[in-house]
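*Asks:* In terms of the numbering used here, the sequence shown opens at residue 1 and continues consecutively.
Hint data in this document are derived by calculation from the structure and do not stem from the laboratory.
The reader is advised that the hints may include incorrect statements.
[As the list claims (entries may be wrong)] Simulated crosslink set (EDC-like; lysine to aspartate or glutamate; CA at most 16 Å straight-line):
#	residue 1	residue 2
1	K22	D90
2	K22	D72
3	K46	E14
[As the list claims (entries may be wrong)] Just the calculated beta-carbon pair ranges, DEER-fashion:
#	residue 1	residue 2	range
4	R93	R3	15 to 25 Å
5	R94	P58	28 to 38 Å
6	P11	L92	12 to 22 Å
7	E4	Y84	51 to 61 Å
8	R3	N81	35 to 45 Å
9	S86	I9	17 to 27 Å
Think of the CB as a built atom: it goes at the ideal place given N, C-alpha and C, for glycine as much as any other residue.
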Amino acid sequence: MNREEFYAIPPPSERPYKVVLKGLPASTDIDEIKKDLANEGVTVSKAARLTQRISKFPLPMFLVEVRKNVPDSRYILDVSNCCYMSIPWDSLRRRP
């Protein structure tokens with residue numbers, strides 16, 4: 001028998017909602033971002049600092065993942081302040 005390994009991809013309805021947080025310094029702690037968004041009423045499942053592709057230099061952008069099936073997940077875009085700074089949100093665009 002041919003023993004090939006495989007994996008199942010979750011459907012789009014179960015994948016997390018991913019947005020990019022801009023406007024904060026690259027030195028901002030990720031735990032501070034999670035705590036501040038939790039105070040705003042947004043439950044963050046994962047947050048990560050984005051890095052430059054080749055040099056791995058940290059960028060002033062953060063990837064924030066929120067579960068879709070939580071009622072307040074879409075309100076993350078209504079949050080305009082984080083860590084006492086005004087922030088813009090952007091959708092995640094994958095690398096080409």
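*Asks:* Quick one: which hint numbers does this structure break? Sort them smallest to largest.
*Replies:* 2, 4, 5, 8 and 9
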